[in-house]
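Colleague: Make a model of the complete structure from these sequences and hints.
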Amino acid sequence: MGRFIARRILWMLVVLFAISVVTFALMRLVPGGPFNTERGIPEAVKRNLERRYNMDAPIVVQYLDYMGGLVIPRVTDPEWKQSQQEHYLINIETPFFGAGTALRWMNFGPSLNSPNRTVTSIIEDSLPISFELGAAALIIALMIGIPVGTIAALRQNTIVDYMSMAIAVTGVSIPSIVSAPLLKYIFAVQLKVLPPNGWGGIEYVILPAFALGFIQSALIARLTRASLLQVLREDYIRTARAKGLSERVVISIHALKNSLIPVVTVIGPLAAALLTGTFVVETIFGIPGLGRSFVASIGNRDYPLIMGTVLLFASFVVIGNLLVDIAYAALDPRIRYD
Amino acid sequence: MRFNTRFFVLVLTLAALFVSLGAVAAQDGKVLYTSRQMGPDDVPTLDPSQASDVPSVQIIVEIFPELIRLHEESVLTEPGMATWTVSDDGLVYTFSIQPEVPWVKYNADSGAVEQVMVDGAPRYVQAQDFAYTMVRTLDPNVASDYGYVLAPWVVGGSELNSLDTESATYEADRQAAIDALGINVVDDYTLEVTVTKASAAVQSIFAMWITTATPGWLIDELGDVWIESENIVTYGPFAVKSWDHGAGITLVKNPFFAGVGAVPAAKLDEVVFQFLDPAAQFPAYEAGTLQVAEVDGTMIPRIKADPALSAHYYAAPGSCTYYYGFNQTREPFNDARVVRAFSAALDRQAIVDAVTQAGELPAYMFVLPSMAAAPKQEDYPDQTIKFDPEYAKAQLQEYLDEKGITAADITGTLLHNNSTAHAAIAQAAQAMWADTLGVNIQISAQDFGVYLDQRRDADIYRAGWCFDYPDANNWYYDVFHSSVDPDNHFNNAEYDALVEAAAVAPTVEERVALYAQADAILTNTAASIAPIYYYVTDDITADGVERTHSVIGREYYEKWDLAG
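Those protein sequences? They're chains B and V, same order as listed.
If you're matching positions, the first sequence starts at 1 in the working numbering and goes up one per residue.
If you're matching positions, the second sequence starts at 339 in the working numbering and goes up one per residue.
No wet-lab data here; the hints were simulated from the structure.
Here the structure is a predicted model, which is why all the values come from computation and not from measurement.
Glycine is no exception: its CB is placed at the ideal position from the N, C-alpha and C atoms.
Treat the hints with caution; some may be incorrect.
[Said to hold, decoys possible] Pulled a few chain V residues facing chain B out of the computed Cβ check, cut under 8 Å:
id : residue
1  : Pro378
2  : Pro382
3  : Gln388
4  : Val392
5  : Ala481
6  : Gly485
7  : Ser500
8  : His583
9  : Ala585
10 : Pro616
11 : Glu624
12 : Gly626
13 : Cys658
14 : Gln792
15 : Ala801
16 : Val874
[To be verified] Reference listing, derived: stretches of chain V covered by chain B, where coverage requires no fewer than 3 residues with Cβ under 8 Å from a Cβ of chain B:
id : stretch
17 : 562-573
18 : 686-694
19 : 782-791
[As the list claims (entries may be wrong)] Per label pair, the in silico range of CB-to-CB distance:
id : chain 1 : residue 1 : chain 2 : residue 2 : range
20 : V       : Thr758    : B       : Met27     : 58 to 64 Å
21 : V       : Asn569    : B       : Ile59     : 32 to 38 Å
22 : B       : Pro78     : V       : Asp517    : 51 to 57 Å
23 : B       : Ala135    : V       : Gly458    : 49 to 55 Å
Modeller: See below:
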């Protein structure tokens with residue numbers, strides 16, 4: 001298992017490296033630039049602007065400078081001051097290298113759209129919010145999806161099954177760009193029981209989390225049902241019943257656990273997608289999450305912000321997939337990684 | 339059915355949760371919630387030297403008032419932080435700054451706005467602080483997006499702003515250029531600025547946010563993070579209470595600001611700016627959490643059909659002109675007759691009535707009528723190109739006959755940046771050109787970055803110009819003078835001479851007449867653009883809000899109040 005994880009982490013780094021190269025190349029190939037305006041800026045001023053952001057260097061040097069700042073940790077002396085060029089995500093103050101020194105890692109660079117802000121500060125501000133919203137949506141998706149799928153499977157071909165699956169199909173078919181304004185219209189505008197937008201207390205989480213989670217719960221319900229139906233026909237379920245185990249134990253211990261493997265497979269990428277922010281729901285509910293920064297950065301040609309958000313998103317996806325593989329072993333004793 | 343029972347309980351619990359959260363805590367004092375002109379994304383900056391966009395400027399004018407203030411409805415200049423005199427030759431502006439306006443900072447622990455103290459005494463806004471901002475705006479080290487707007491006006495400004503930061507003698511050159519600047523602190527409350535041109539437009543330059551006071555001592559100490567809400571110090575009618583990046587900014591009344599010049603003390607206790615997509619602002623207004631909301635174009639038919647909503651709706655003149663530019667370097671648009679034909683074939687009234695629908699005013703001249711020294715199109719009925727299909731056909735026919743081609747041979751692509759509103763207008767124009775002229779124009783919709791890149795090469799491009807400072811000079815000189823932007827493809831010596839003369843002409847009447855002649859060249863005799871309409875700023879306001887309706891983009895919330 002240890003060797004497996006080590007090998008996977010190594011591969012993760014290779015994947016992330018490839019993603020960084022492709023993203024950097026693609027975003028620089030797209031026409032347009034961060035300092036273009038409707039009126040032409042004088043050449044001398046534009047040159048100084050590009051120099052300030054290291055954009056006058058050869059493209060390979062720019063890439064290496066960016067990645068160097070991101071992945072190579074550095075030790076700072078007490079004189080060090082945070083600036084738009086240097087702002088690290090991880091800061092460990094340690095006297096190990098001398099008084100007042102600190103070990104700093106992951107400088108995501110300046111945001112070209114906000115002349116005083118750094119990508120690191122944008123990530124620090126918006127990632128926790130996207131995380132909270134994503135976690136809430138994931139919990140809703142699982143709490144609705146797994147029970148509904150289970151009920152539908154156990155009552156296969158009854159009215160309960162048909163109703164559950166009808167709701168699930170409806171859920172899968174309604175994207176959040178439709179359900180979010182609808183939820184908002186009902187609960188915020190008409191009933192006035194929940195705020196229409198913003199972020200703060202639990203009351204702000206409910207509507208967007210439902211808008212995000214419901215569509216995923218439908219997916220999970222359908223997967224759970226299909227998988228559970230298959231498992232219920234397995235020999236070991238018949239054995240369990242033959243042993244005289246109660247139906248509750250047969251379902252919850254023997255059947256459900258084994259039927260969750262396909263569900264776990266989708267949870268990895270799903271969690272990564274939900275946790276890193278979701279543009280549509282964030283925009284509709286005015287939530288200051290990372291998804292909006294991600295989309296806005298592309299329109300603004302805010303190169304460091306594009307790189308930062310893409311790499312973050314990519315690392316969540318690869319980490320999510322790794323966790324899924326580890327979870328397989330826990331769920332199904334037959335799966336071993338050697 | 340035990341599973342179903344459990345599910346039912348879950349639903350009931352959630353329903354109870356919804357209801358219990360319904361009670362919204364009451365607020366103390368007069369708090370206004372607005373998203374007007376804010377948009378969905380974070381305000382890029384609160385640094386006056388760095389701001390170049392409407393939302394940033396909106397916040398900045400509330401916390402750092404300018405030397406000269408623009409009246410939000412008349413667009414006239416009024417004393418802001420200073421009164422001023424101009425030397426007889428029109429080149430030296432002497433500002434007498436209001437003494438003893440304190441720097442303040444919101445203290446999150448005590449929940450109050452406090453004065454910034456230095457050695458036990460309040461620190462006041464002084465001439466040095468205004469000079470600091472102007473020098474910093476021009477400083478190549480800062481690389482301000484807007485330095486080049488100020489640079490040509492201040493003596494030595496362009497020399498400093500365009501220094502090469504990698505030249506070997508850069509540091510010495512920079513210091514020398516700063517010393518040579520026509521910005522002179524006479525005493526703590528007197529600032530003298532020498533300008534390059536004796537132009538009436540200078541007053542509006544000093545009414546820009548890049549000439550406000552900023553706390554130099556704090557910027558030098560903290561660097562880029564000085565604008566964060568825990569650091570920033572200000573002096574205007576409002577102070578920054580909080581800045582939740584991406585969500586909103588809350589301004590709180592500054593009790594130490596008693597009113598200076600045309601800037602009164604605030605009546606509201608707090609103004610909460612929420613960053614919201616225009617499409618999300620209206621539901622928030624309906625839910626009662628937003629008192630002032632922008633109106634998304636798609637909402638206008640519904641508002642107009644509903645008497646209750648339309649009573650709260652208001653469309654004020656905006657700060658921009660919508661126009662189509664024609665590529666002067668390419669057949670057939672390098673021929674003024676063709677551009678005149680395209681311009682006369684556009685039924686502007688139909689576009690604003692049926693397509694945009696927000697009450698925009700059809701435009702036949704480039705400059706907004708509200709600008710200083712702007713000719714008004716109703717005063718020049720004979721020189722502008724109006725919707726006239728017969729004239730359009732005749733102009734094109736003349737060109738076609740001369741070239742021996744037919745209308746079917748005229749091709750071209752109209753480029754616009756992607757948005758449903760621009761697309762609808764482009765389709766209307768395409769149809770009008772096809773119906774009237776029989777020409778087939780393609781439409782290309784691109785993402786904004788690509789659009790900016792491709793605009794110089796497009797046959798026809800959609801554009802909007804919004805003023806930086808409200809003078810006709812910012813329209814005719816800053817956009818179309820051949821020295822400013824050679825890529826604009828409009829190079830006309832006669833036009834250049836007219837706008838140069840208009841900038842320094844001694845009386846308003848002379849300036850207006852010269853700009854009118856320049857406009858005739860730009861839109862008619864040497865036709866390069868077809869103005870389409872003047873924007874409006876439309877929003878919807880809840881009962882009880884006593885407000886102004888600004889035509890300059892930003893509002894002065896210190897003039898607003900809440901009834902009751």
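Colleague: With reference to the structure, classify each hint as holding or not holding.
Modeller: Consistency of the hints with the structure:
no., hint, in the structure
1, Pro378, "holds (6 Å)"
2, Pro382, "holds (4 Å)"
3, Gln388, "holds (4 Å)"
4, Val392, "violated (13 Å)"
5, Ala481, "holds (4 Å)"
6, Gly485, "holds (7 Å)"
7, Ser500, "holds (4 Å)"
8, His583, "holds (5 Å)"
9, Ala585, "holds (4 Å)"
10, Pro616, "violated (11 Å)"
11, Glu624, "holds (5 Å)"
12, Gly626, "holds (7 Å)"
13, Cys658, "violated (10 Å)"
14, Gln792, "holds (7 Å)"
15, Ala801, "holds (7 Å)"
16, Val874, "violated (20 Å)"
17, 562-573, "holds (count 4)"
18, 686-694, "violated (count 0)"
19, 782-791, "holds (count 7)"
20, V:Thr758 <-> B:Met27: 58 to 64 Å, "violated (26 Å)"
21, V:Asn569 <-> B:Ile59: 32 to 38 Å, "holds (36 Å)"
22, B:Pro78 <-> V:Asp517: 51 to 57 Å, "violated (34 Å)"
23, B:Ala135 <-> V:Gly458: 49 to 55 Å, "holds (50 Å)"
This entry does not satisfy hints 4, 10, 13, 16, 18, 20, 22, going by the numbered hints stated previously.
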